[in-house]
Amino acid sequence: MGEKIATRAAYGKALVEFAEQYPNLVVLDADLANATNTNKFAAAYPDRFFDCGIAEANMTAMAAGMSTCGLKPFTNTFAIFAAGRAFEQIRNSIAYPHLNVTVVGSHGGPSVGEDGATHQMNEDIALMRTLPGMTIVVPCDGNEMRLAVKALIENDGPAYLRMCRYAVETITDETPGYEFKIGKGVTMKDGSDLTIIATGIMVGYSMKAAELLAAEGISARVVNMHTVKPLDEELVLACAKETGAILTVEEASTVGGLGSAVCELLSEKCPTPVLRHGVPDEFGRSGSAADVLNYFGLTPEGIAAKAKEVLKRK
Amino acid sequence: MTAKELEKLAYQARLLILEGVHCAKAGHPGGSLSCVDALTTLYFDEMNVDPKDSKNPDRDRFVLSKGHCAPALYAVLALRGYFPKEDIKLLRSIKGHMSGHPDMVNVNGVDMSTGSLGQGISTAVGMALAAKHLGKTYRTYSILGDGELAEGEVWEAFMAAAKWKLDNLCALIDVNGLQIDGATKDVMPTEPLDKKLEAFNWHVIKVDGHDYDAIKAALKEARALKGMPTAILLKTTKGKGVSYMENSVEWHGKAPGDELYEVAVNDLNRHLAELEVE
Chain A
-16 MGEKIATRAA YGKALVEFAE QYPNLVVLDA DLANATNTNK FAAAYPDRFF
34 DCGIAEANMT AMAAGMSTCG LKPFTNTFAI FAAGRAFEQI RNSIAYPHLN
84 VTVVGSHGGP SVGEDGATHQ MNEDIALMRT LPGMTIVVPC DGNEMRLAVK
134 ALIENDGPAY LRMCRYAVET ITDETPGYEF KIGKGVTMKD GSDLTIIATG
184 IMVGYSMKAA ELLAAEGISA RVVNMHTVKP LDEELVLACA KETGAILTVE
234 EASTVGGLGS AVCELLSEKC PTPVLRHGVP DEFGRSGSAA DVLNYFGLTP
284 EGIAAKAKEV LKRK
Chain B
12 MTAKELEKLA YQARLLILEG VHCAKAGHPG GSLSCVDALT TLYFDEMNVD
62 PKDSKNPDRD RFVLSKGHCA PALYAVLALR GYFPKEDIKL LRSIKGHMSG
112 HPDMVNVNGV DMSTGSLGQG ISTAVGMALA AKHLGKTYRT YSILGDGELA
162 EGEVWEAFMA AAKWKLDNLC ALIDVNGLQI DGATKDVMPT EPLDKKLEAF
212 NWHVIKVDGH DYDAIKAALK EARALKGMPT AILLKTTKGK GVSYMENSVE
262 WHGKAPGDEL YEVAVNDLNR HLAELEVE
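Just so you know, the sequences run in chain order A and B. -16 is the number of the first residue of the first sequence in the numbering used here; add one for each residue after it. 12 is the number of the first residue of the second sequence in the numbering used here; add one for each residue after it.
Wrong hints could be hidden among the right ones.
[Unchecked claim] Dumping the calculated DSS-like pairs for lysine-lysine here, alpha-carbon to alpha-carbon at most 27 Å:
#1 B:K217 / B:K207
#2 B:K143 / A:K23
#3 A:K133 / B:K143
#4 B:K227 / B:K207
#5 B:K207 / B:K176
#6 B:K100 / B:K143
#7 B:K174 / B:K63
#8 A:K23 / B:K174
#9 B:K66 / B:K143
#10 A:K(-13) / A:K224
#11 B:K19 / B:K100
#12 B:K66 / A:K23
[As the list claims (entries may be wrong)] A few chain A residues facing chain B, derived, Cβ under 7 Å:
#13 F70
#14 S76
#15 T113
#16 P115
#17 Y278
#18 T282
#19 G285
Since the hints were derived computationally from the structure, they do not count as laboratory data. From the three backbone atoms N, C-alpha and C, an ideal C-beta is built for every residue, glycine too.
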């Protein structure tokens, strides 16, 4: 396992790293540059950084206008404001005309911790999934975030990039044959009894859960579904057919997110027992990130327990 | 272009607005008729645009922030040669590409898809900021409604335009005083608009929104000004040019039936005939 780093920190570094290579990249923030880590880009490229103040709606639609003039804007704020407050700006000014803007939501999910429910955005993946033509990427570690940033700068169209505050171990740098491609899930570990399909920082926890399950003689496959939309349908269907049971894991609401996407696909094309693990239909709460994740069972132990539950339905 | 030439075009545009809304049996004639004089002046006198090269990166940009007045934009674009005038007959129809609100993907000449009030001016700020960033000299224009100013995002956009000293941005506010639920002063008072905008560090010019020479002069003044964005407050009459629609909130978002359509066409043709003999 590699260094422990929050995906938001890797994001900040990646923006600076790719700035020279992509001169049309511009970065917008809404008075959260220190938290979203765009402050490094702002310091290195002040003329390409636009602080829009605490006005997310305007920032989001401004980025739409800028993109029509040949720029590649990345907008930045907390996920709650990015996908929540400015949802309709994303819908009507970015997604409907299919403009080339990447909306970055930092501080996604309950791992925000202490700030509590108002700032724990659990619904962003669900909201973004409803928008036609939207690409949704949720990197699982710092290495994957770096690759995702490059891919999204090159991507042409509306995209949502979700990142989190909590530092997690880097795992993709040591995964054999790992390659990042938008829309292509990665099998992190093979297995035959069930497949754990996870996104974001839950991928690393799912790998640990697979180790716990192996100790009990259960062979779990782990898939890193960094792109929630468009979903890698081929991979999900193969996992359903080959392992016969699916557990989805996301640090987000189980209503409308990755779990829903997987269920929608499988119910129509390959009915398979599925269990959705994530934040249930309720709001978050204050606590340390570890405590809040533990509260929702979003831990290796919690994931392993859910895996055993879905196995019983096979 | 002379004021008289602009007036003829604006009244031809009015005929197209009415034709489109009548064919669609829906749409927003009132606000389309109040802003069409400014829109005509922009596309035929002020803006550097070429219908044959509608995607030129150096062209001036226009955003109809009050997107429900799409009939006015489509009418002026058609007259300017972006697409055949006949297309307006399919306004809001499943058979055509003339969607109910401006659609930049399917309608040639539309620089930004709008319709959700408040967002258009933000996109215009983005376009003007992009011009500064890229070292381009194109200008960006946007027409807003006075009812639209109740949207908080508008004021976010106004603040941002002043922050970046966007003297390449000109907002034209169609102050017709009416909105769906009634008079703007009753629904959500916006006055004193000039003082509010000045407090937001905008240069403000107040004109009669149906006086072509005054609009031209204001646009010229805006172009010459350095260091701050300009807002032109257009004092207008909602439904201007159609006798029974003038100053009537009833015609905000309703199409006339066959008989009233004929009355409207007669009103407009009579005015065009008067312009011919003058």
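A quick look at each hint next to the structure:
1. B:K217 / B:K207: holds (13 Å)
2. B:K143 / A:K23: Within the cut-off at roughly 23 Å; holds.
3. A:K133 / B:K143: holds (26 Å)
4. B:K227 / B:K207: holds (24 Å)
5. B:K207 / B:K176: Answer holds: K207 (chain B) to K176 (chain B) is near 17 Å, not above 27 Å.
6. B:K100 / B:K143: With a Cα-Cα distance of about 39 Å, the restraint between K100 (chain B) and K143 (chain B) is violated, given a limit of 27 Å.
7. B:K174 / B:K63: Cα-Cα ~35 Å, so violated.
8. A:K23 / B:K174: holds (22 Å)
9. B:K66 / B:K143: holds (19 Å)
10. A:K(-13) / A:K224: This hinted pair is violated, its Cα atoms lying about 35 Å apart.
11. B:K19 / B:K100: Holds - the C-alpha atoms of K100 (chain B) and K19 (chain B) are around 21 Å apart, at most 27 Å.
12. B:K66 / A:K23: Answer violated: K66 (chain B) to K23 (chain A) is near 35 Å, above 27 Å.
13. F70: Result: violated, 11 Å to nearest chain B Cβ.
14. S76: This interface hint holds because 5 Å falls under the 7 Å limit.
15. T113: This hint is violated: T113 (chain A) lies away from chain B, its Cβ roughly 16 Å from the closest one there, beyond 7 Å.
16. P115: violated (12 Å)
17. Y278: The hint is violated - Y278 (chain A) has no Cβ within 7 Å of chain B, the shortest such distance being about 35 Å.
18. T282: Hint on T282 (chain A): violated, closest Cβ of chain B at ~41 Å, above 7 Å.
19. G285: violated (41 Å)
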